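2 protein chains.
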Amino acid sequence: MTFMEMLKSAWKKSGSLLCVGLDPDLEKIPEFLRGEKNPLFRFNKAIIDATKDQVCAYKPQAAYYAGLSADEDLKMTIDYIHEAAPGIPVILDAKRGDIGATTKMYVKEAFERYQADAVTVNPYMGMDAVKPFLDRADKGVIVLCRTSNPGAKEIQELDVAGEPLYQHVARQVSTVWNFNGNVMLVAGATFPEELGRIRWIIGDTPLLVPGVGAQGGDVKAVLENGKTADGTGLVINSSRGIIYASSGRDFAEASGEAARKLNETINSYR
Amino acid sequence: MTFMEMLKSAWKKSGSLLCVGLDPDLEKIPEFLRGEKNPLFRFNKAIIDATKDQVCAYKPQAAYYAGLSADEDLKMTIDYIHEAAPGIPVILDAKRGDIGATTKMYVKEAFERYQADAVTVNPYMGMDAVKPFLDRADKGVIVLCRTSNPGAKEIQELDVAGEPLYQHVARQVSTVWNFNGNVMLVAGATFPEELGRIRWIIGDTPLLVPGVGAQGGDVKAVLENGKTADGTGLVINSSRGIIYASSGRDFAEASGEAARKLNETINSYR
Numbered sequence: 001m002t003f004m005e006m007l008k009s010a011w012k013k014s015g016s017l018l019c020v021g022l023d024p025d026l027e028k029i030p031e032f033l034r035g036e037k038n039p040l041f042r043f044n045k046a047i048i049d050a051t052k053d054q055v056c057a058y059k060p061q062a063a064y065y066a067g068l069s070a071d072e073d074l075k076m077t078i079d080y081i082h083e084a085a086p087g088i089p090v091i092l093d094a095k096r097g098d099i100g101a102t103t104k105m106y107v108k109e110a111f112e113r114y115q116a117d118a119v120t121v122n123p124y125m126g127m128d129a130v131k132p133f134l135d136r137a138d139k140g141v142i143v144l145c146r147t148s149n150p151g152a153k154e155i156q157e158l159d160v161a162g163e164p165l166y167q168h169v170a171r172q173v174s175t176v177w178n179f180n181g182n183v184m185l186v187a188g189a190t191f192p193e194e195l196g197r198i199r200w201i202i203g204d205t206p207l208l209v210p211g212v213g214a215q216g217g218d219v220k221a222v223l224e225n226g227k228t229a230d231g232t233g234l235v236i237n238s239s240r241g242i243i244y245a246s247s248g249r250d251f252a253e254a255s256g257e258a259a260r261k262l263n264e265t266i267n268s269y270r
Numbered sequence: 001m002t003f004m005e006m007l008k009s010a011w012k013k014s015g016s017l018l019c020v021g022l023d024p025d026l027e028k029i030p031e032f033l034r035g036e037k038n039p040l041f042r043f044n045k046a047i048i049d050a051t052k053d054q055v056c057a058y059k060p061q062a063a064y065y066a067g068l069s070a071d072e073d074l075k076m077t078i079d080y081i082h083e084a085a086p087g088i089p090v091i092l093d094a095k096r097g098d099i100g101a102t103t104k105m106y107v108k109e110a111f112e113r114y115q116a117d118a119v120t121v122n123p124y125m126g127m128d129a130v131k132p133f134l135d136r137a138d139k140g141v142i143v144l145c146r147t148s149n150p151g152a153k154e155i156q157e158l159d160v161a162g163e164p165l166y167q168h169v170a171r172q173v174s175t176v177w178n179f180n181g182n183v184m185l186v187a188g189a190t191f192p193e194e195l196g197r198i199r200w201i202i203g204d205t206p207l208l209v210p211g212v213g214a215q216g217g218d219v220k221a222v223l224e225n226g227k228t229a230d231g232t233g234l235v236i237n238s239s240r241g242i243i244y245a246s247s248g249r250d251f252a253e254a255s256g257e258a259a260r261k262l263n264e265t266i267n268s269y270r
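Chains as they are written, first to last, in the working numbering: chain P, 1 to 270; chain G, 1 to 270.
Worth flagging that the hints you see were computed from the coordinates, not collected in a lab. Computed from a predicted model, the values in this text were never measured in an experiment. No residue lacks a Cβ here, since even glycine has one placed at the ideal position from N, Cα and C. Heads up, a few of these hints could be off.
Pairs of lysine-lysine, DSS-like flavour, derived with a Cα cap of 30 Å [as the list claims (entries may be wrong)]:
(1) Lys28/P <-> Lys28/G
(2) Lys8/G <-> Lys75/P
(3) Lys108/P <-> Lys108/G
(4) Lys37/G <-> Lys153/P
(5) Lys153/P <-> Lys104/G
(6) Lys45/G <-> Lys75/P
(7) Lys131/P <-> Lys131/G
(8) Lys37/G <-> Lys37/P
(9) Lys45/G <-> Lys104/P
(10) Lys45/P <-> Lys75/G
(11) Lys28/G <-> Lys131/P
(12) Lys13/P <-> Lys37/P
(13) Lys37/G <-> Lys75/P
(14) Lys108/P <-> Lys75/G
(15) Lys45/P <-> Lys153/G
(16) Lys37/P <-> Lys153/G
(17) Lys8/G <-> Lys227/P
(18) Lys75/G <-> Lys37/P
(19) Lys131/P <-> Lys153/G
(20) Lys28/G <-> Lys108/P
(21) Lys45/G <-> Lys75/G
(22) Lys8/G <-> Lys45/G
(23) Lys104/P <-> Lys8/G
(24) Lys108/P <-> Lys8/G
Stretches of chain G that chain P covers, calculated by requiring three or more beta carbons in the stretch to come under 8 Å of a beta carbon on chain P [unchecked claim]:
(25) 16-23
(26) 46-59
(27) 122-131
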């Protein structure tokens, strides 16, 4: 099954557009876990067990593992998702992209070493810099378009022949780069109007939408601007709002409850 | 000593503008090393020993280690450079960039975990996405501007208010982003004319120039277009042309000889 088939099937089976971002920070996970072996994995495992019926995807953020030399925790986390939540795709949020020969090594990292189903990539270097990813028809390639950070507009809204750069990127990526039908785009929840323009440009190409929760994105506006005619087309990510719902021994239960509530809110606007 | 001070001092002491790219591919290193423990480190160590008097910097490419789960080899390599070639800065080529909270973890990765002196970053997400790097006045932040890959122009030469995007990035990064004086830009040797325009825009800000050697960049044109008035301002990277100069038992000696020759060619145009 390709990533795109997995995603569509996960939307249907779970009835959810929610993606939980697995960005565990050793300073923020419950204290009693910090002294354990593989604390990030142990944290993630409990979150996965508590949320797996509420999500259409998981998105571990590579930086949180790379920064703490916790590569093993990342691998264990992805393996565990495949085992405990089969059919739920794993998006490795790594924002890769380099000259072709080098990108081939990042392909190995994402799809062989970590067994992710999709990966985020950066469009600045052009299509040939992500082509080794695009060539993998079985995997998903999620290209940054309009990101959720406050300073995103500095480059992404530069005027290119009468339209902002991110709209040009949206058109180029959803057509030319999408020769294998395996492309998604990133559009931040913090800029729902821009998200709406992207949806208009890209047709039914799915969007990964970070920025709900801690970053302040509005769920109603995301759905109104971003959903496709069948009420899907979105992978709405929340990290901190779910995984840090409680810092006590009930953290997993609290994350499950936070996921359920966010899911309910999302679905009320579908 | 800051990265910029290290670099200037290394230019002077070594009399070289050459950077050796440490991108070891297990399928390309000499066969007799492949079965050893930490083969990538053993390969790099021999290359470092043979080239350390010929270079102003080393640039390990993160992908080659990430793809093979050889994180330990990367760490050993950087540690060894600091030990065997003190004063020669290490650039971790990782092309990072993410929302601020996440980039902080990439700062840990580059500067704590791996003890690099500088890191390459991608500008697409805007300044706030690399600010945790820029805030480290002691470290170097090397921003992609006009990359060396064939498809670089697809995004980087889009017309932004009468100039190509990469020129806008060059101006913005060398002024606004450079509040700590720790910024460099990437300009590929494969596009020497564009490199010249960047030099004109950024004054004496140093350039990292990949693409000499296997990618076909012309050394003479790079120097003519890129050097500053004092004959420096450039960190000219060669990876494959140096590290794979021979695939036999003489690979290290051959890499030293290749570095010496390239250095001589570079210096003939300073």
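These are the hints, each one checked on the structure:
At most 30 Å may separate the alpha-carbon atoms for a hinted pair to count; Lys28/P and Lys28/G exceed this at roughly 43 Å. Of the pairs offered as hints, the one joining Lys8/G and Lys75/P is violated, with about 41 Å between alpha carbons and a cut-off of 30 Å exceeded. Between Lys108/P and Lys108/G the CA atoms are separated by roughly 23 Å; this keeps the pair inside 30 Å, and the hint holds. Note on Lys37/G and Lys153/P: the hinted pairing is violated, with a Cα-Cα distance of about 47 Å set against a maximum of 30 Å.
The hinted pair formed by Lys153/P and Lys104/G meets the criterion: a straight-line CA distance of about 21 Å does not exceed 30 Å. Under the criterion of a C-alpha separation no larger than 30 Å, the hint pairing Lys45/G with Lys75/P is consistent with the structure, at around 29 Å. Only pairs whose Cα atoms come within 30 Å are accepted, and Lys131/P paired with Lys131/G is accepted, the gap being roughly 29 Å. This hinted pair checks out: Lys37/G and Lys37/P have alpha carbons roughly 25 Å apart, not beyond 30 Å.
Restraint check for Lys45/G and Lys104/P: the C-alpha separation of about 24 Å stays at or below 30 Å, so the hint holds. For the proposed pair Lys45/P and Lys75/G, the alpha carbon gap of about 29 Å is at most 30 Å, so the pair holds. The hinted pair formed by Lys28/G and Lys131/P meets the criterion: a straight-line CA distance of about 22 Å does not exceed 30 Å. Taking the CA atoms of Lys13/P and Lys37/P, the gap is near 34 Å; set against the 30 Å cutoff, the hint is violated.
Using a Cα cut-off of 30 Å, the hinted pair Lys37/G and Lys75/P holds, with the two alpha carbons roughly 22 Å apart. A hinted pair counts as satisfied when its Cα atoms are at most 30 Å apart, and Lys108/P with Lys75/G qualifies at roughly 20 Å. Taken as a hint, the Lys45/P and Lys153/G pair is broken in the structure, with Cα atoms around 43 Å apart against an allowance of 30 Å. Distance restraint check for Lys37/P and Lys153/G: the Cα-Cα separation of roughly 47 Å exceeds the 30 Å cut-off, and the hinted pair is therefore not satisfied.
At roughly 53 Å between alpha-carbon atoms, Lys8/G and Lys227/P are farther apart than 30 Å, so this suggested pair is violated. Among the hinted pairs, Lys75/G with Lys37/P is consistent with the structure: their alpha-carbon atoms are about 22 Å apart, no more than 30 Å. The suggested pairing of Lys131/P with Lys153/G holds, with an alpha-carbon distance near 15 Å, which does not exceed 30 Å. The suggested pairing of Lys28/G with Lys108/P holds, with an alpha-carbon distance near 16 Å, which does not exceed 30 Å.
Proposed proximity of Lys45/G and Lys75/G is supported: the alpha carbons are some 12 Å apart, at most 30 Å. The straight-line distance between the Cα atoms of Lys8/G and Lys45/G is roughly 24 Å, inside the 30 Å bound, and the hint therefore holds. Using a Cα cut-off of 30 Å, the hinted pair Lys104/P and Lys8/G is violated, with the two alpha carbons roughly 34 Å apart. Using a Cα cut-off of 30 Å, the hinted pair Lys108/P and Lys8/G is violated, with the two alpha carbons roughly 36 Å apart.
Using a Cβ-Cβ cut-off of 8 Å, 1 residues of the stretch 16-23 of chain G lie near chain P, which falls short of the minimum of three, so the contact claim is violated. Only residues whose beta carbon comes within less than 8 Å of a beta carbon in chain P count, and the stretch 46-59 of chain G has 0; fewer than three means the coverage is violated. Against chain P, the stretch 122-131 of chain G contributes 8 residues with a C-beta closer than 8 Å to a partner C-beta. That satisfies the three-residue criterion, and the hint holds.
In the structure shown, a violation is registered for the earlier hints numbered 1, 2, 4, 12, 15, 16, 17, 23, 24, 25 and 26, in ascending order.
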